[in-house]
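Visitor: In the order they appear, the protein sequences are chains A and B. Numbers given in the working numbering equal positions in the first sequence, counted from 1, plus 115. Numbers given in the working numbering equal positions in the second sequence, counted from 1, plus 115.
One thing to keep in mind: the hints can contain errors.
Identical copies look the same in the list; a pair holds intra-copy or inter-copy alike.
[As the list claims (entries may be wrong)] Calculated lysine-lysine pairs in the PhoX-like style (CA-CA distance at most 20 Å, straight line):
{"#": "1", "residue 1": "K247", "residue 2": "K315"}
{"#": "2", "residue 1": "K240", "residue 2": "K315"}
{"#": "3", "residue 1": "K190", "residue 2": "K240"}
{"#": "4", "residue 1": "K147", "residue 2": "K178"}
Simulated from the structure, these hints should not be mistaken for lab results.
Number of protein chains: 2
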Amino acid sequence: MASLKVPYPVPSPTEDAESLRKAFEGWGTDEKSVISILAHRDAAQRMQIRLAYEELYQQDLIKRLESELSGHFEKSMYRWIYGPAEREAILVYTEVRKANPTPDPRPIIEIACVSSPEELLAVKKVYQLRYKHSVEEDVAVRFTGDLRKLLVALVGTYRYSGGEIDTRLAHAEAKALHDAIEEKAFGHEEVIRILTTRSKAQLNATFNCYKDEYGTTVNKSLSADSENELFSALRATIRTLTSPSKYFEKLLRNAIINHGTDEGTLTRVIVSRAEKDLQEIKEVFFKRNNVPLTHAVAKETSRDYKAFLLALLGN
Amino acid sequence: MASLKVPYPVPSPTEDAESLRKAFEGWGTDEKSVISILAHRDAAQRMQIRLAYEELYQQDLIKRLESELSGHFEKSMYRWIYGPAEREAILVYTEVRKANPTPDPRPIIEIACVSSPEELLAVKKVYQLRYKHSVEEDVAVRFTGDLRKLLVALVGTYRYSGGEIDTRLAHAEAKALHDAIEEKAFGHEEVIRILTTRSKAQLNATFNCYKDEYGTTVNKSLSADSENELFSALRATIRTLTSPSKYFEKLLRNAIINHGTDEGTLTRVIVSRAEKDLQEIKEVFFKRNNVPLTHAVAKETSRDYKAFLLALLGN
Numbered sequence: 116m117a118s119l120k121v122p123y124p125v126p127s128p129t130e131d132a133e134s135l136r137k138a139f140e141g142w143g144t145d146e147k148s149v150i151s152i153l154a155h156r157d158a159a160q161r162m163q164i165r166l167a168y169e170e171l172y173q174q175d176l177i178k179r180l181e182s183e184l185s186g187h188f189e190k191s192m193y194r195w196i197y198g199p200a201e202r203e204a205i206l207v208y209t210e211v212r213k214a215n216p217t218p219d220p221r222p223i224i225e226i227a228c229v230s231s232p233e234e235l236l237a238v239k240k241v242y243q244l245r246y247k248h249s250v251e252e253d254v255a256v257r258f259t260g261d262l263r264k265l266l267v268a269l270v271g272t273y274r275y276s277g278g279e280i281d282t283r284l285a286h287a288e289a290k291a292l293h294d295a296i297e298e299k300a301f302g303h304e305e306v307i308r309i310l311t312t313r314s315k316a317q318l319n320a321t322f323n324c325y326k327d328e329y330g331t332t333v334n335k336s337l338s339a340d341s342e343n344e345l346f347s348a349l350r351a352t353i354r355t356l357t358s359p360s361k362y363f364e365k366l367l368r369n370a371i372i373n374h375g376t377d378e379g380t381l382t383r384v385i386v387s388r389a390e391k392d393l394q395e396i397k398e399v400f401f402k403r404n405n406v407p408l409t410h411a412v413a414k415e416t417s418r419d420y421k422a423f424l425l426a427l428l429g430n
Numbered sequence: 116m117a118s119l120k121v122p123y124p125v126p127s128p129t130e131d132a133e134s135l136r137k138a139f140e141g142w143g144t145d146e147k148s149v150i151s152i153l154a155h156r157d158a159a160q161r162m163q164i165r166l167a168y169e170e171l172y173q174q175d176l177i178k179r180l181e182s183e184l185s186g187h188f189e190k191s192m193y194r195w196i197y198g199p200a201e202r203e204a205i206l207v208y209t210e211v212r213k214a215n216p217t218p219d220p221r222p223i224i225e226i227a228c229v230s231s232p233e234e235l236l237a238v239k240k241v242y243q244l245r246y247k248h249s250v251e252e253d254v255a256v257r258f259t260g261d262l263r264k265l266l267v268a269l270v271g272t273y274r275y276s277g278g279e280i281d282t283r284l285a286h287a288e289a290k291a292l293h294d295a296i297e298e299k300a301f302g303h304e305e306v307i308r309i310l311t312t313r314s315k316a317q318l319n320a321t322f323n324c325y326k327d328e329y330g331t332t333v334n335k336s337l338s339a340d341s342e343n344e345l346f347s348a349l350r351a352t353i354r355t356l357t358s359p360s361k362y363f364e365k366l367l368r369n370a371i372i373n374h375g376t377d378e379g380t381l382t383r384v385i386v387s388r389a390e391k392d393l394q395e396i397k398e399v400f401f402k403r404n405n406v407p408l409t410h411a412v413a414k415e416t417s418r419d420y421k422a423f424l425l426a427l428l429g430n
């Protein structure tokens, strides 16, 4: 369930565009007003507001926001204003094309595994329109070795999303996973093949067989070598495929509680999930940490950035 | 250009369904009449006829055709009656799921490389609907080693289809291809990465650089080890990406002139290309062999099968 709250009745896109214009004009920006509008509109409504603003003032709303806002608030608004496909295409691009010598595979894994096949395809289409390259080719160039194999296959597969399960196959592939992990097989080709091509329903069945037969989870078996970047990417793959809410809860926990504040991750998770499953993530967070996510976020952030995130969290 | 010829005005789907019914009834089947109808209707029209037939006679036209026809004529009609996406999904399935111990990678390469990204996606969607699996997972299970890497990446990539070219990149990747082929690099990962992810326009530029700088084509460089199945699949990949008409001409030539008659390949190429580029393929064939493709096909086939292929060839 989404945490986003949209008022009823919602103002027309033209009214919203006019209110935003008012918030930008005069001495300083009225950030509160910007938040009260944009943090309470869904993707289709934000797109309508962008179009209305462009038509009324012959100005790109996103450019105007960039010049009016600053810091983490600006960055998070820049993520939020776009619809999901465009936002995630920008996220992938930022990861694979930026100068950063060690790109983070997690945003790519999230987009490939949490999205439905149609959502992933929409991201790939927007990426091509914006950047004149395919996601596959840019990911293939940016990463190397086994991590490349995993990521290119993840973004490449148009995964089957039906619910059918083949129990015999689940047993056979649980064994294949176990053998490959035990033997530390070179490149883990079988592990990569299974994780990147099988349907989520089939993988769930396979992971359950694994647990029944070997008394531990695949993820725990992959935890032995915690420094290995392929293993850590494989674990993220499994978690995003099978329990995204738990995966995102852990990201948030690490971003705000355990290691100081990691605003990049905090923004990414809240902005990307607000219209999807942030409500579940909040519940998982509370169960795990005995503190509401909103309190934890409020403690680690400040001013407009804080107000904006709390609004997206449904406060 | 297509070789298919559709009469003008074309009978209504109901009229066609009735004429087919007439051809099936009585003593023996009137194959001539079946050919005169179905070999002269495009994919959308054939689909309309199937629907009309089902509605009029509560019978599946395809099942009826299977019981009325036989031999290579039946097999080729069974390929033709479907629209392209369904037909190619069936072709892939036949290759990857049949008991045959050495599946032929060529039909998969053709579908992945000759099709546009949207056409390939349509095949993958139909495949999932029909077989409750993804193309990616079935190809990954059916092939092994480097050939698997190539084929899974080919069917997985949603290739960029724009015309932009990056000349510096073309030079760099021509060198990367040359180095990898010279060194007989293990698994040819760079070769596979470049061929499976780059746009056709970019690959053409890269292959031209290769020719300019190394005085030979990539394909010739890959011909040294002609028995190697990966090399032969890589050559097919390059040919289907850059010059599909020449690729199909060669397939036809081998199927009918060089080595006796290979009806499977002959049917596949004529049926799959009749609505697309069989006209160009005929021209290339004539230039290369000094004999019209229709004559060569007529010489190697007989009866209804021959009449059907010649009709599809536009005779």
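Visitor: Check the structure against each numbered hint from earlier and tell me which ones fail, lowest number first.
Guide: 3
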